[in-house]
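Number of protein chains: 2
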Amino acid sequence: MSATSGLARTPAPPYYAVIFTSKRAGDDGRAYGEVAQRMVDLGARYDGFLGIESVRGADGLGITVSYWRDEAALLAWKRDTEHQKAQHAGRTAWYEAYEVRIAKVERAYGFSR
Amino acid sequence: MSATSGLARTPAPPYYAVIFTSKRAGDDGRAYGEVAQRMVDLGARYDGFLGIESVRGADGLGITVSYWRDEAALLAWKRDTEHQKAQHAGRTAWYEAYEVRIAKVERAYGFSR
Numbered sequence: 040m041s042a043t044s045g046l047a048r049t050p051a052p053p054y055y056a057v058i059f060t061s062k063r064a065g066d067d068g069r070a071y072g073e074v075a076q077r078m079v080d081l082g083a084r085y086d087g088f089l090g091i092e093s094v095r096g097a098d099g100l101g102i103t104v105s106y107w108r109d110e111a112a113l114l115a116w117k118r119d120t121e122h123q124k125a126q127h128a129g130r131t132a133w134y135e136a137y138e139v140r141i142a143k144v145e146r147a148y149g150f151s152r
Numbered sequence: 040m041s042a043t044s045g046l047a048r049t050p051a052p053p054y055y056a057v058i059f060t061s062k063r064a065g066d067d068g069r070a071y072g073e074v075a076q077r078m079v080d081l082g083a084r085y086d087g088f089l090g091i092e093s094v095r096g097a098d099g100l101g102i103t104v105s106y107w108r109d110e111a112a113l114l115a116w117k118r119d120t121e122h123q124k125a126q127h128a129g130r131t132a133w134y135e136a137y138e139v140r141i142a143k144v145e146r147a148y149g150f151s152r
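Protein chains in written order, with the numbering used here: chain R, 40 to 152; chain P, 40 to 152.
Check before you lean on any hint, since a few could be wrong.
As the list claims (entries may be wrong) - Partner residues are not named here, just some residues of chain P that face chain R (Cβ under 7 Å, in silico):
#1 46
#2 130
#3 138
#4 140
Stated by the list, open to error - List of simulated lysine-lysine pairs, DSBU-like, C-alpha gap at most 30 Å:
#5 R:143 / P:143
#6 P:143 / P:117
#7 R:143 / P:124
#8 R:124 / P:143
#9 P:117 / R:143
#10 P:124 / P:143
#11 R:117 / P:143
#12 R:143 / R:117
#13 R:143 / R:124
What the hints assert, rightly or not - Cβ pair distances, simulated, as ranges:
#14 P:119 / R:80: 39 to 49 Å
#15 R:114 / P:73: 36 to 46 Å
#16 P:146 / R:124: 17 to 27 Å
FYI, nobody ran anything at the bench for these hints, they're computed from the structure.
Quick caveat: nothing in here was measured; it's all calculated off a predicted structure.
Backbone N, C-alpha and C define an ideal beta-carbon position, used for all residues, glycine too.
Input sequences plus hints: build the corresponding full structure.
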């Protein structure tokens, strides 16, 4: 992930994207923010992690896209024990709704000044 | 797209996702905002459009994911004349950098209260 732009520097396709779109339930900000950041740091240590892009708007809608070498890599992260606890907290406390989409990136192109 | 949550209501996979991640160059807010909204409205009229999710953070990083029935549908929208003008303005004025990834959604699951 490029620290300056927030855009992930991914290799040439094919690779996988996990598109996680969520709507926050309320604002118990601090605990959520700490766990969310911890999940980014922890996921990035997994073999096959390629990058992450994440934005949350003022209205509580957020999109996080993480990129993975292959399905085995993203499934290993999904099953991480600490991540599973966070997923449970997401359903019971943090999110009003979310959607997870697993997609195979086939083509990519970009632009930078 | 669900007006209440901001999450797109997409059909069962497979379908396509266009992940557009961008970093704004500056803040000429109004013209950009108007064109961005126009592109959402115009794209939604295209055959094969399934939904859109879009968030921009306070730091200028934005993620917009649009969903499409198939590749032909998303390519038709890419080639739209007015959309092409907006793409040009994006490169010359609005964005410092962006990345477009075309991905085939293979699986999806969600949660809602």
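Comparing the hints with the structure gives:
1. 46: holds, 5 Å
2. 130: holds, 5 Å
3. 138: holds, 4 Å
4. 140: holds, 4 Å
5. R:143 / P:143: The given pair, whose Cα atoms are some 5 Å apart, holds under the 30 Å limit.
6. P:143 / P:117: Roughly 17 Å separates the two Cα atoms, so the pair holds.
7. R:143 / P:124: Roughly 29 Å separates the two Cα atoms, so the pair holds.
8. R:124 / P:143: holds, 29 Å
9. P:117 / R:143: The hint holds at about 20 Å.
10. P:124 / P:143: holds, 26 Å
11. R:117 / P:143: holds, 20 Å
12. R:143 / R:117: holds, 17 Å
13. R:143 / R:124: Measuring from Cα to Cα gives roughly 26 Å; hence the hint holds.
14. P:119 / R:80: 39 to 49 Å: holds, 40 Å
15. R:114 / P:73: 36 to 46 Å: holds, 42 Å
16. P:146 / R:124: 17 to 27 Å: holds, 22 Å
In summary, this structure violates none of the numbered hints.
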